[in-house]
Amino acid sequence: MEKENSKTALEQIQEASAAGFVLHESRLCAELAEEELALVGSLSGKKGTYYFDPTTMTSRYAGIMLRLEEKNYLDLAAETIRDDSKKYPRTTPLGVLREAPFSFDEESIKAILTRFNEDPQYKDLRKCTASNQAVHFYSAEHLDPGQAEYLCEYEEVGRKENQ
Amino acid sequence: MALEGGWAGKILRVNLKSGEISHEKTEKYIEYIGGMGLGYKIMWDEVPAGTKAFDEANKIVFGVGPLTGSGAISSGRTNITSLLASNPFHGVSDSHMGGHFAVELKYAGYDGIIIEGKSERPVWLKIEDEKVSIEDATLYWGHGTFQTIAGVTAIMGGDSQVAAIGQAGENQVNLSVIRTGLSHSAGGHGGVMGSKNLKAIGVKGTGAVHINMENMEWYKLNQFVLSIYGANNQHVVPRTPQPWAEYDHPGSRWTAKEGLYWEQADPPIETGVCKPEDSNKIGYRTMKAMLDLGANGPKYTVRMGGCAACPIRCHSHVKVPQLSKYGVDPYVANTCMGFYAPSSIMFKGFNVDGESKDDATVIGRSLGSHMADDYGVWCNYGQLARDLKWAYEKGVLKRVLPSAEYNSIPWDKLESGDPSFYLDFYRRIAMKEGELSRLGEGAFWLDKRWNLGEEYWTYKDNKLWTKVGYPVHHSNESNGQVGALISSMFNRDAQCHTHQNLIGSGLPTDVQKEVAEELWGSKNAIDEPANYTPMNRGKAKFAKWSIVRNVLHDSLTLCNWMWPMTVSPLKDRNYRGDTSLEAQYYTAVTGKEMSEEKLDQAAERIFTLHRALTVKQMGTTNMREEHDQLTGWQFDMDPDKEPFTAGTIKLDREDYEKALTMLYEELGWDSKTGAPTRATLERLRLKYVADELETMGLLPA
Chain A
4 MEKENSKTAL EQIQEASAAG FVLHESRLCA ELAEEELALV GSLSGKKGTY
54 YFDPTTMTSR YAGIMLRLEE KNYLDLAAET IRDDSKKYPR TTPLGVLREA
104 PFSFDEESIK AILTRFNEDP QYKDLRKCTA SNQAVHFYSA EHLDPGQAEY
154 LCEYEEVGRK ENQ
Chain B
24 MALEGGWAGK ILRVNLKSGE ISHEKTEKYI EYIGGMGLGY KIMWDEVPAG
74 TKAFDEANKI VFGVGPLTGS GAISSGRTNI TSLLASNPFH GVSDSHMGGH
124 FAVELKYAGY DGIIIEGKSE RPVWLKIEDE KVSIEDATLY WGHGTFQTIA
174 GVTAIMGGDS QVAAIGQAGE NQVNLSVIRT GLSHSAGGHG GVMGSKNLKA
224 IGVKGTGAVH INMENMEWYK LNQFVLSIYG ANNQHVVPRT PQPWAEYDHP
274 GSRWTAKEGL YWEQADPPIE TGVCKPEDSN KIGYRTMKAM LDLGANGPKY
324 TVRMGGCAAC PIRCHSHVKV PQLSKYGVDP YVANTCMGFY APSSIMFKGF
374 NVDGESKDDA TVIGRSLGSH MADDYGVWCN YGQLARDLKW AYEKGVLKRV
424 LPSAEYNSIP WDKLESGDPS FYLDFYRRIA MKEGELSRLG EGAFWLDKRW
474 NLGEEYWTYK DNKLWTKVGY PVHHSNESNG QVGALISSMF NRDAQCHTHQ
524 NLIGSGLPTD VQKEVAEELW GSKNAIDEPA NYTPMNRGKA KFAKWSIVRN
574 VLHDSLTLCN WMWPMTVSPL KDRNYRGDTS LEAQYYTAVT GKEMSEEKLD
624 QAAERIFTLH RALTVKQMGT TNMREEHDQL TGWQFDMDPD KEPFTAGTIK
674 LDREDYEKAL TMLYEELGWD SKTGAPTRAT LERLRLKYVA DELETMGLLP
724 A
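Sequences listed follow chains A and B, in order.
Be aware that the first sequence starts at 4, since it is given in the numbering used here, and climbs by one per residue.
Be aware that the second sequence starts at 24, since it is given in the numbering used here, and climbs by one per residue.
Note that these hints are calculated values from the structure, not bench results.
Since we're looking at a predicted model, the values are computed, not measured.
There may be inaccurate statements among the hints.
Which chain B residues face chain A? A few, computed with CB under 8 Å, are given here [as the list claims (entries may be wrong)]:
1. Gly174
2. Thr176
3. Ala177
4. Gly180
5. Pro266
6. Ala268
7. Glu269
8. Glu551
9. Phe667
10. Thr671
Using N, Cα and C, we set each Cβ at its ideal position, and we do this for glycine too.
Please model the complete structure; the sequences and the hints are all you need to start from.
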């Protein structure tokens, strides 16, 4: 306990990142000094600022952990799909959201899919289904529907046939 | 010129007819590096044009290179060169196997083995350093590869390595393999060994490969290579988001993560997260069983295995107790098509009483893998299964098989998903039982015999790439024209992974484009997947470089499933790899200063010799029309889509011809015919090839 109390705010952030988490500002034992601020990464969420150690955690992963910390699964799913469609480009297998680090349960996934269908701010998010019935999502703002269909089928079926 | 490092210095020549065993000096072959280059040079010099694969005049060359056995990373490959019986004109081709045979051959003091002539009786070749003998193989003839390898190993000792054929090779089935270790198969040339009555080669060596570099420098070089190594296929991002990774990709073979176990290990071993800097954990990065055997693969995994000098363990070693019901050993090892291709034979899926769908998949794929390996049947990169499916579903088998034979085949097992269908199917293929066994002749000969019609070739899902009778292998789905060109240049399925490893690295297309600009002078050498642009010079350079490096790796020998190091997992290197490493290794091991450009030129020499061998064997310079043309579906697929629109990998006929022209130009071949010109042959120090082709009237005008 004594050791725990002797940690600096910087060490708290470094330990959290090494364990795969971001640290909310409220959990810091002290304010970060200016020279410490230069060593950490920070992201703003709906509930405040979160810190991470950029030497052990990328900002992309920190962003995922921030959303999980805030239980903002809907935005996390939407951002992941849009990011995949824009950056790589690729479709996002629904199965990915069931695995770590997302680890969404079926109830959460159902709620997310319902919002995708009903909320206009997610109208760019579309579903495609491979011939093995696996479901993927993509953003029509970044990916042509035909290209998305191909990529979905390749990921689920074609990749295994082309090893 | 003395060879001071890398090469063993001599090549073993065995004449199975006369029983003569002799040595060649390696020096005269070093312009061809080794492995594949050695094989082509010997085939050019010694096997007359027009020879057929199973003729006594054909030879088979087991080649290794200067890096084999040196400890260079991923240098455990054996290259096998001979004529290929499944090819319509019995063109020269290569098959490759990993494992530990290659390094053992080097330790025994050889850079290759040339097998010639035909024995009058079944024999196996015993190599113990200088002591080489031809042994009676009567005891093994008629048996599978597992029993044969075990038998020879029992004689030579557990520290020997054995390469053997199964019944398929003995019976000169065109689609047959040479297998070594538990799981390493070279597809295509088993029948050549069979035609020579050569059942197996056992090798044991007590020597070493000499390296011309100070120990610490060698250590540093290897440590650097390890620092930029990725997972299997040089995938450089993890499969799932992880704290250390900026990028990830669900198609990546970097499967390591928390909670993933080799569950049959005792105790179970967790792969855990394997960061790029943890080079001692590279062996945990890829757990191939979860890719090859489906969701329940990890449940049956004992460990991952692989080849000599390779930290990537890409072969799944599984224990499947249910296999004892089928009379086979529960321990099975394989990778990629070794599991997947037999699985496709059961195209109706698997169904095993009392087992879940996922368990049935593991049982089925493991049983299929074992049966194909034991009989030594080659899948022709999955084509065997597609041919069975086509012939079955189109009613061809009912037409061509005698009714008694047709009715004797347990189709009910295929229909119901009972994996014991394999026991019957592979036996018929390997033993050449009945008309069904013609499936083992390969696509070209099958069509000739069964008159399958044009639709057989042009049906997209049959995946036949050219009329030479082999299928796609990282073709137009792999960067459009680049994969397409690469796939059209060989005499079998292209076994080139240079381009595919980059495309499949998991890095975003924009990062790949930056790499393309640095290496081939144009970002446009790479397109987004399934959103292709018309042919351009950058793509031609990318295609040439991919082939040249593939040929280089099969000559050095390095594993082209990992090399070249085009990219890396390191963000602080901006994900760049180092394409000069092959040359650095060459210099370090052989002591001969070598640049990247010069080494690429040596590989270009080897590939141009391959083309010249094809011209000579086919008796025509018109490679464009006679060799490099596609079957047609590539241009006609997706009728509702135009080429170069998003969502299709469709090619355009005119653009493909332009692509061929550009690649020919890059290679210095005649832009009209695609045959090597005298100027290029002379530039590559192949004047003797130009002279011989000229006397045969086979130099382009």
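Those earlier numbered hints the structure runs against, lowest number first
1, 2, 3, 4, 9
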